[in-house]
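Protein chains in written order, with my numbering: chain A, 91 to 463; chain B, 101 to 664.
These are computed hints drawn from the structure, not numbers from a lab.
Take every hint as true, because none was put in to throw you off.
Output of the computed footprint for chain B on chain A, the stretches with three or more beta carbons under 8 angstroms from beta carbons of chain B:
1) 145 to 159
2) 174 to 186
3) 192 to 203
Now the in silico label distances, taken between C-beta atoms and shown as ranges:
4) Val372(B) <-> Ala202(A): 29 to 37 angstroms
5) Arg544(B) <-> Ala132(A): 30 to 38 angstroms
6) Ser367(A) <-> Ala552(B): 47 to 55 angstroms
7) Leu294(B) <-> His207(A): 19 to 27 angstroms
Cβ coordinates follow ideal geometry from the N, Cα and C atoms, glycine included.
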Amino acid sequence: MPTETEETMRCVGLQVSYGGVPAVDDLDLTVRPGEVLAVLGASGSGKSTLLHAVAGLVQPSSGEIWLGGRLVATARRSTPPERRDVGLVFQDFALWPHLSAVDTVAYPLRRAGRNRHDARTVAQRLLDQLDIGHLAERRPAELSGGQQQRVGLARALARSPRLFLLDEPTAHLDTHLRAAFQSCVRDRQAATGAAAVYATHDAGEALALADRVALVVDGRLQQVATPEVVYAEPVSVATAVLTGSCTVLQARVAVAPRGGLSVDLGDGPVIVDGGGSLEVDPVQARVLLRPDWVSVDGPLRGRVTTCQFRGTHTDYLLDTGSGPVHVQAPGPPTHAVGQALTWGIRRAWVLGVDEPDVREAVGPQPSAVIAPG
Amino acid sequence: MAEPAITHRARIVPRGEQALAAVTVLAIVGLVVVPLTRLTWVAVGGGGSSIMRVLRAPGFGTAAAHSLELAVLVPLLAVPLGTGIALLLRRPDVPGRGGLRVLVVLPLLIPQFVLGYSWTQAYGRAGFTDDLVGVRWTGLNGPAGIVVVLVVDAAPICYLLNTVGLATRAQPQLELAARASGATGWTALRTVTLPLLRPVLAAEFVLTFVATLESFAAPQVLGTPVGYSTVTTRLYTDLAFGSDPNSFRDAVTLALGLVLVAAVILVPADLVLAPRLGSRRTRQSPGGTALRRRSAGTAIMAGLVGAYAAFAVLLPTIALVAAALTRAIGLAPTPSNWTFDNFRAALDAPTRSAFAHSLQLAVLAAFALTLLGAVLAALERHRPGRLLGTVAMLSFAVPGSALAVGLLIAYDRRLGGTLTLILLAYLAKFWALAHRTVSGAVDRLPAGEWQAARTSGAGPIAAVRTVWLPALAPALIGAWLLVFVSALHEVTMSSLLYSTGSETIAVAVLNSQELGSIGTTAALSVTLTAVLLAVVAPAWLLLRLTARRRDIPAARRRELAHAY
Numbered sequence: 091m092p093t094e095t096e097e098t099m100r101c102v103g104l105q106v107s108y109g110g111v112p113a114v115d116d117l118d119l120t121v122r123p124g125e126v127l128a129v130l131g132a133s134g135s136g137k138s139t140l141l142h143a144v145a146g147l148v149q150p151s152s153g154e155i156w157l158g159g160r161l162v163a164t165a166r167r168s169t170p171p172e173r174r175d176v177g178l179v180f181q182d183f184a185l186w187p188h189l190s191a192v193d194t195v196a197y198p199l200r201r202a203g204r205n206r207h208d209a210r211t212v213a214q215r216l217l218d219q220l221d222i223g224h225l226a227e228r229r230p231a232e233l234s235g236g237q238q239q240r241v242g243l244a245r246a247l248a249r250s251p252r253l254f255l256l257d258e259p260t261a262h263l264d265t266h267l268r269a270a271f272q273s274c275v276r277d278r279q280a281a282t283g284a285a286a287v288y289a290t291h292d293a294g295e296a297l298a299l300a301d302r303v304a305l306v307v308d309g310r311l312q313q314v315a316t317p318e319v320v321y322a323e324p325v326s327v328a329t330a331v332l333t334g335s336c337t338v339l340q341a342r343v344a345v346a347p348r349g350g351l352s353v354d355l356g357d358g359p360v361i362v363d364g365g366g367s368l369e370v371d372p373v374q375a376r377v378l379l380r381p382d383w384v385s386v387d388g389p390l391r392g393r394v395t396t397c398q399f400r401g402t403h404t405d406y407l408l409d410t411g412s413g414p415v416h417v418q419a420p421g422p423p424t425h426a427v428g429q430a431l432t433w434g435i436r437r438a439w440v441l442g443v444d445e446p447d448v449r450e451a452v453g454p455q456p457s458a459v460i461a462p463g
Numbered sequence: 101m102a103e104p105a106i107t108h109r110a111r112i113v114p115r116g117e118q119a120l121a122a123v124t125v126l127a128i129v130g131l132v133v134v135p136l137t138r139l140t141w142v143a144v145g146g147g148g149s150s151i152m153r154v155l156r157a158p159g160f161g162t163a164a165a166h167s168l169e170l171a172v173l174v175p176l177l178a179v180p181l182g183t184g185i186a187l188l189l190r191r192p193d194v195p196g197r198g199g200l201r202v203l204v205v206l207p208l209l210i211p212q213f214v215l216g217y218s219w220t221q222a223y224g225r226a227g228f229t230d231d232l233v234g235v236r237w238t239g240l241n242g243p244a245g246i247v248v249v250l251v252v253d254a255a256p257i258c259y260l261l262n263t264v265g266l267a268t269r270a271q272p273q274l275e276l277a278a279r280a281s282g283a284t285g286w287t288a289l290r291t292v293t294l295p296l297l298r299p300v301l302a303a304e305f306v307l308t309f310v311a312t313l314e315s316f317a318a319p320q321v322l323g324t325p326v327g328y329s330t331v332t333t334r335l336y337t338d339l340a341f342g343s344d345p346n347s348f349r350d351a352v353t354l355a356l357g358l359v360l361v362a363a364v365i366l367v368p369a370d371l372v373l374a375p376r377l378g379s380r381r382t383r384q385s386p387g388g389t390a391l392r393r394r395s396a397g398t399a400i401m402a403g404l405v406g407a408y409a410a411f412a413v414l415l416p417t418i419a420l421v422a423a424a425l426t427r428a429i430g431l432a433p434t435p436s437n438w439t440f441d442n443f444r445a446a447l448d449a450p451t452r453s454a455f456a457h458s459l460q461l462a463v464l465a466a467f468a469l470t471l472l473g474a475v476l477a478a479l480e481r482h483r484p485g486r487l488l489g490t491v492a493m494l495s496f497a498v499p500g501s502a503l504a505v506g507l508l509i510a511y512d513r514r515l516g517g518t519l520t521l522i523l524l525a526y527l528a529k530f531w532a533l534a535h536r537t538v539s540g541a542v543d544r545l546p547a548g549e550w551q552a553a554r555t556s557g558a559g560p561i562a563a564v565r566t567v568w569l570p571a572l573a574p575a576l577i578g579a580w581l582l583v584f585v586s587a588l589h590e591v592t593m594s595s596l597l598y599s600t601g602s603e604t605i606a607v608a609v610l611n612s613q614e615l616g617s618i619g620t621t622a623a624l625s626v627t628l629t630a631v632l633l634a635v636v637a638p639a640w641l642l643l644r645l646t647a648r649r650r651d652i653p654a655a656r657r658r659e660l661a662h663a664y
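Kindly produce the complete structure, drawing on both the sequences and the hints.
Structure follows, in structure tokens:
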């Protein structure tokens with residue numbers, strides 16, 4: 091299947107199985123030149139398998155992988171990893187214990203045929219750019235987690251590939267290191283103009299970094315869209331949960347005559363922003379609410395069940411007539427636990443046809459509120 | 101058992117432990133220090149003249165040269181063989197991997213003298229291939245045959261050490277990182293895997309060198325009939341057949357020489373390698389898998405490993421069984437010529453009691469050393485205990501022949517020719533095996549588990565029973581098995597220490613082989629191997645079960661594989 095506009099990466103009907111169990115199934119995905127695509131999914135959802143398949147570390151059981159217009163993997167044949175134009179950053183760093191930082195980064199350059207002195211010079215420059223030039227002669231055991239991960243990134247950069255694959259690179263890093271690493275990745279990626287696939291289970295990371303986000307549940311691709319769209323217009327509860335906390339309620343919905351949605355939770359209709367699949371049963375629709383789409387004070391009634399001060403805002407869990415609702419209010423707590431209050435909805439999203447397996451997991455009970463992760 | 105040091109800072113070593121330490125010190129002194137001191141005393145007592153006589157004796161130079169040539173050649177072949185097999189069988193996509201793994205380690209169960217003998221039955225004159233297709237290997241009796249049999253004997257150990265080394269030092273992930281950095285499979289092997297494995301390879305080389313130096317069974321079975329002698333076979337001849345008092349002193353001098361050569365190699369090797377052998381694990385995920393790409397090369401190499409196992413282990417074993425079942429030499433091993441007469445003849449009263457002796461010794465030694473090994477591992481948690489551990493380790497390096505001669509000098513008057521003396525020899529020689537197995541597991545015990553048990557309300561004894569014992573069970577069973585198998589295999593020391601009424605089965609097989617009764621020897625060898633299999637197979641299963649309980653459950657493993 092030749093591609094017209096040269097995509098940096100394209101997976102077609104990709105399936106990867108371990109011992110007959112598919113870890114990635116029926117996956118179609120493209121990455122355009124210069125784009126950052128975040129693959130967001132829970133651990134065990136097949137993100138790493140996808141990246142390893144693209145890098146050539148596992149072979150698909152069916153489907154195709156194309157890199158830069160070149161077919162590199164099918165179930166029959168597979169281009170070995172060293173002949174694919176990708177740079178992989180491993181989740182657990184995978185640094186070689188016997189090599190110093192500078193030798194580690196020089197490794198891909200040596201394999202590309204550069205002489206030792208040249209390779210080490212370039213490697214030293216890369217380490218300098220990542221602010222770890224002074225650690226060049228240290229071995230992995232003498233480096234902190236954040237430093238190790240930077241060496242891993244520098245090693246991938248040294249290959250100067252057209253596509254970076256980052257496999258949960260911040261999973262083992264502290265929060266402050268994570269932010270530093272993310273901006274470092276973004277800068278380097280912008281500077282090289284290469285595309286990047288960034289696998290993560292951290293919603294904040296995916297939404298902040300990516301041009302587009304691909305949501306993966308149980309090895310299957312659910313939705314690919316911009317960060318704003320995957321957050322505001324999820325296709326299912328399972329994908330909504332991936333991008334942040336949410337509440338699902340049963341409600342009577344209709345398109346309001348003058349735009350927006352009419353949502354009736356039992357206390358009479360309220361007109362809100364939003365949209366969604368309106369071809370479903372308007373009497374028993376499932377309405378998704380984000381904590382930042384609802385507010386304390388409004389036409390609806392509820393009672394505070396829990397209240398947690400988070401510094402920048404306060405998280406309330408409300409007991410309402412239609413079920414528990416998660417509300418995020420700016421500032422310190424204004425209501426105590428047990429206190430009655432009123433609340434309002436600014437925006438709502440109507441979910442499409444149900445997903446039996448997910449509904450059970452999320453349920454009508456308080457588990458419908460998924461704490462911000 | 102030791103408490104965390106912080107709670108008992110006042111008492112450095114608790115009183116119960118002092119008693120245990122005293123027993124351990126006594127045991128080590130009695131088993132190792134006294135015999136070796138007496139050995140040195142007697143050898144040096146003869147003065148320089150005795151040493152010169154040994155050095156000038158006809159054939160000594162040749163024997164020493166032979167020993168050295170074997171000790172260098174065997175590791176040069178066995179280490180690469182074991183490494184290659186371990187590297188190949190690590191790949192998850194190798195067809196028939198499970199079966200190949202079992203076949204490759206199978207020679208561990210087969211005593212060296214049975215292995216050597218089964219090779220003569222398979223490839224020697226009037227052997228299996230000679231009968232069937234008229235092909236025989238004339239070099240089998242002689243240095244080439246000894247080298248090959250010793251390599252087949254040593255390869256499984258090298259393979260196992262490499263498997264452990266690869267798992268702890270050169271995780272597949274690191275090789276994948278090399279591939280993703282542009283290295284071909286061979287380059288990744290050369291630049292990442294082998295450098296990481298280097299200390300393990302060096303340790304295997306030293307281990308195989310020393311094991312070959314002290315090997316007795318293969319040179320005796322394959323070399324002695326054609327007059328190819330090594331230091332160990334010469335020592336045996338001096339002691340067993342030498343009537344003149346000088347020959348005893350010669351044997352003692354030879355024994356001391358063996359100790360010195362082993363020490364000269366081992367001490368520096370240990371100093372250099374020990375610090376490098378600690379695992380330098382950086383953060384790694386538990387589910388690392390090797391590259392998954394189907395290729396024809398893998399199948400071909402798997403075929404080669406299979407062919408090796410068939411040629412080196414399976415065919416000789418079949419030949420041995422055929423020889424045991426066939427009515428007379430020269431007859432084709434077909435069902436019409438089958439008989440159990442050989443087994444009937446082999447299992448006469450003396451051999452039955454030899455069997456009983458061996459089983460008795462092996463079981464006693466296994467239980468005693470599992471206990472002593474555990475005690476020593478516990479003592480090692482304090483500084484003085486570590487010295488004891490080192491001494492036990494060194495005793496393993498003392499060549500069996502030398503240890504036996506030392507014990508003979510020290511205790512012959514009271515225990516000469518008794519099973520007790522043989523038991524002492526086993527205890528001295530195999531203590532290190534049990535100790536290393538248990539102390540390795542003790543080292544890996546996470547301190548948190550013990551502390552969590554204590555803060556959850558368990559007393560020291562309850563904590564040992566509920567937290568440590570389950571964790572150490574596989575190591576304890578492993579130590580028991582290792583000693584049991586080694587004791588049944590043992591022939592070097594037994595052949596020097598036995599007398600009428602205290603033969604072990606290994607000695608019975610060796611004697612029967614020297615008498616040239618092929619059918620009987622084969623039948624005895626088959627029975628011995630079957631007994632080993634009958635004990636080890638269920639114990640091995642038990643070991644797998646206890647080990648699995650602490651392992652990641654299958655469901656979680658699948659999840660991890662996915663996450664991967």
